[in-house]
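> Let's have the full structure, built from the sequences with the hints guiding it.
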Amino acid sequence: MNRMVYLKGVATLRVFEEKCVRCGMCLEVCPHAVLSLNGGKVKIEDLDACMECGACMQNCPAGAISVKSGVGCANAIINTILGRKNDSCCCVIEEKEMGSEGCKNPTSCF
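The opening residue of the sequence shown carries number 116 in our numbering; numbering runs sequentially from there.
Careful, some of the hints might be misleading.
Below, simulated DMTMM-like cross-link-like pairs (lysine to aspartate or glutamate); rule was C-alpha separation at most 25 Å, straight line [unchecked claim]:
#, residue 1, residue 2
1, Lys134, Asp161
2, Lys123, Asp161
3, Lys158, Glu132
By construction, these hints were calculated from the structure, which means they are not laboratory data.
This is the structure in C-alpha cells:
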C-alpha cells in the first residue's frame, strides 16, 4: 500500500506534554500513526503525515492535543464528498499514479 504524502510543514498538530495523561487514546484513533508513546511521553512521529482529521484531539480526555480540524487534505476530501467546489488537495500518493497534473480528485487520494 502506498503512503500518503502531504505538504511539508503545514500541519497544525500540537501535543501539550504537561496536560498529557499518557492514556494512549490518540494512538488508537489516529488513522496514520502520526503519534507514538515513547519513554512515557507522547511524541509526534511524523507531523507531515497528519491529515488534520481531529480524531486525536476529539478523543483526548485531558485536552492535551490541538489541531485545526479540516484545514488539510481531510477538508478537501470532505468537501468533495459533500459536492462542494474544492479545487485543491494537499495530498499525493505518488507522481506515477496521479500524473504531473496533481491531484484533481481529492477522493482519489485514498
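> Give a verdict on every hint.
Evaluated hints:
Of the supplied pair hints, the one linking lysine 134 and aspartate 161 holds, its CA atoms being roughly 21 Å apart against a limit of 25 Å. Taken as a hint, the lysine 123 and aspartate 161 pair is honoured in the structure, with Cα atoms around 10 Å apart against an allowance of 25 Å. Our distance criterion of 25 Å between C-alpha atoms is met by lysine 158 and glutamate 132, whose separation comes to about 9 Å.
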